[in-house]
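Participant: So you can see what is in the structure, the chains are spelled out below.
There are 2 protein chains.
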Amino acid sequence: MSQDPGLASWLQLSLTPGLTSATLRKLLQQFGLPQAVLGRKRAELAAFVPAAGLAALDSEPVASAVTRALEWSAQVGHAVITLADDTYPRLLLEIADPPPLLYARGRVELLARSALAIVGSRNATQQGSANAEAFARTLSATGLTIVSGLALGIDAAAHRGGLDGPGSTIAVLGTGIDILYPQRNAGLAGEIAQRGLLVSEFPLGTAPAAHNFPRRNRLISGLARGCLVVEAAVASGSLITARAAAEQGREVFAVPGSIHSPLAKGCHALIKSGAKLVESAEDVLTELSGFRPSGYASTREPARDAAPAEGLLAHMGHDPVDVDSLCSRAGLSAEQVSSELLRLELDGRVAALPGGLYQRLEKEGRR
Amino acid sequence: MSQDPGLASWLQLSLTPGLTSATLRKLLQQFGLPQAVLGRKRAELAAFVPAAGLAALDSEPVASAVTRALEWSAQVGHAVITLADDTYPRLLLEIADPPPLLYARGRVELLARSALAIVGSRNATQQGSANAEAFARTLSATGLTIVSGLALGIDAAAHRGGLDGPGSTIAVLGTGIDILYPQRNAGLAGEIAQRGLLVSEFPLGTAPAAHNFPRRNRLISGLARGCLVVEAAVASGSLITARAAAEQGREVFAVPGSIHSPLAKGCHALIKSGAKLVESAEDVLTELSGFRPSGYASTREPARDAAPAEGLLAHMGHDPVDVDSLCSRAGLSAEQVSSELLRLELDGRVAALPGGLYQRLEKEGRR
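In the order they appear, the protein sequences are chains A and B. Under the numbering used here, think of the first position of the first sequence as 1, with each following residue one higher. Under the numbering used here, think of the first position of the second sequence as 1001, with each following residue one higher.
Chain A extracted, bound-state conformation (with noise of 0.2 Å):
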């Protein structure tokens, strides 16, 4: 094995038990990269580092656990990326605690892409499911980036609409990269390998662990520009991953549903405190200012202009005017003058003013 001793070192701190991520970057910034960091006297680390984790920095284990990585990096279609490659997402450095290392499998170019984190119930309904991937697939056509967990129900959908895009998919798994879970979603995490990316922060041969999902959860968010939620009971993981994104500053977007679905309650909970209700992929769209889709045709329907009303308008000029003034301009009743500024009112086209005026709202320029 010829491979990057820079690698090898990263691994080696990453992989020592008792040396926490944060811990790591304590040291980085101390004494620079990891070669640089080991090449110091252990004496020197001390200040940073548990004695327990000092004890296992130079143990065979250790050592062991690293060659098993590197091996596992020179694979086909296989990578280790740390903090400081070039591929590393650049949207996780923005969060509070970016990993130090991703052990990648498919696409590494992927994680340069605009992306949408699509996440929901593993029990999701049928109509659940198959929203989650409408809309992933209309976004992937778009160009962004489906980024999901994996899981049954609703990632799993969110996934499988966003292969069938050229925006294609992440998942981001909670155990380790060479770790099958669920064994249900074998055949998806294969496709996904192949034409779309499989990432995760955990060592090799990590198990399924209840405490490392939440974990997983900020990395789903932080690698992308906003999260969606589906379907979602109250006090899910999905509200952590939306959680998350909220306090890294992604947009948070929910499907709402009946007030009698358990699994609409965790969306609606999320609309009430602030996320954006969405109805379809361009609401979406809307909302993610900056991403520039490539070849979406707008579905939205150009405004109606009102024939009747455009009368009114005309009588309007630009002052506030009363209703009694515009019946004698437009030759209307006072009936038909007020209906005709409700709907007016109703199409944002006038405002009405205090003390019974009304002023006419300029439309924007065609852009």
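Some hints here could point you the wrong way.
Simulated restraints, written as ranges between beta carbons of each label pair [stated by the list, open to error]:
| hint | chain 1 | residue 1 | chain 2 | residue 2 | range |
| --- | --- | --- | --- | --- | --- |
| 1 | B | D1086 | A | E287 | 48 to 56 Å |
| 2 | A | Q336 | B | A1351 | 35 to 43 Å |
| 3 | A | Q126 | B | P1262 | 15 to 23 Å |
| 4 | A | N123 | B | G1249 | 37 to 45 Å |
| 5 | B | Q1183 | A | L361 | 34 to 42 Å |
In silico BS3-like links for lysine-lysine, alpha-carbon gap of 30 Å or less [claimed, not checked]:
| hint | chain 1 | residue 1 | chain 2 | residue 2 |
| --- | --- | --- | --- | --- |
| 6 | A | K276 | B | K1276 |
| 7 | A | K276 | B | K1272 |
| 8 | B | K1026 | B | K1041 |
| 9 | A | K265 | A | K276 |
Worth flagging that the hints you see were computed from the coordinates, not collected in a lab. For every residue, glycine included, the Cβ atom is placed at its ideal position computed from N, Cα and C.
Place chain B on chain A using the hints.
Facilitator: Frame of chain A; chain B shown alone:
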């Protein structure tokens, strides 16, 4: 007929064709109460009243209409309420175009109550009607009066729910108060006249006309502290009511639904533009600040105290702290601490600060 000569004057001015309510208010401002207005020389009024209106003012048809209205108002349970009456609803005085008078049938004292408007589609789904009735029943039980428009569908369901509680219900008609429309709600209208209140601003005998209904909608919202939309298509009358409510400074509430339901689209449009998403009557009460429900037992569960996380909170003190410090303080692994911190964040008990620090948030004292 020995009746209040003041009322006859109010009726004479308001029943004169071509004399709008805006003109009537100008006359009141200039000359005082209607009796004083009518005591003026007609030449003096000409500066305010269009020629056609002036010609009609003292005509026989207007005199007949006044007589008819006085006879109507003399019947048991009937009333004509003018802007100058103590019983005129205070909230209506706040709107842009308060009607000079209201024809009322039933319990006039309901106009002094805190009220909520509930409106929605005439073509409501069964579930939508059941929702409207349930919201109305629960809110009427707290003492809120339910205001709606006596239409089929959501309106009728809201009135039925309101009638079931002490808050009762007010129906605002888009026709003369002596005109039964729609016929299918005849039984309901009779019940409301007995145990609730029917009101209309339109002269007796006014037949249903499309342009009167948007105008009527501003009174539905104007009489209430807030407006709840249960099911509504886009560009529907319910949205006109909601828009009027927003312009009148009332709270707007909307019940969400499936993104595939045409009758949820109006509600979703409202939520996107700032209306409060509500799932329960309690959601409405939470927002209607200042209204003190009577005998209303909260259905909200007390905040769960997440037992395992409590221990971590005890180790947090009140200053920002990093994960490593918490690990040593609590004797837990970094994974355990991170996972507990995420749960505490979700509960709103701790906040994540920049630089990987966490701070405990104090719970508000129980009130």
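Participant: All hints, please: hold or fail.
Facilitator: Here is how each hint holds up against the structure:
1. Checked against the hint of 48 to 56 Å, the C-beta distance between D1086/B and E287/A comes to roughly 50 Å, which is consistent with it.
2. Hint check: Q336/A to A1351/B, Cβ distance near 57 Å, so the stated range 35 to 43 Å is violated.
3. Q126/A and P1262/B have their C-beta atoms about 20 Å apart, which keeps the hinted 15 to 23 Å range intact.
4. The given range of 37 to 45 Å is respected by N123/A and G1249/B, whose C-beta atoms sit roughly 43 Å from each other.
5. Between Q1183/B and L361/A the beta carbon distance is about 40 Å. The supplied range of 34 to 42 Å therefore holds.
6. Our distance criterion of 30 Å between C-alpha atoms is met by K276/A and K1276/B, whose separation comes to about 12 Å.
7. Between the alpha carbons of K276/A and K1272/B the distance comes to roughly 7 Å, so the proposed pair stays at or under 30 Å and holds.
8. A distance of roughly 16 Å separates the Cα atoms of K1026/B and K1041/B; the hinted pair therefore holds under the 30 Å criterion.
9. A hinted pair counts as satisfied when its Cα atoms are at most 30 Å apart, and K265/A with K276/A qualifies at roughly 15 Å.
Hint compliance for this structure: hint 2 is the single one not met.
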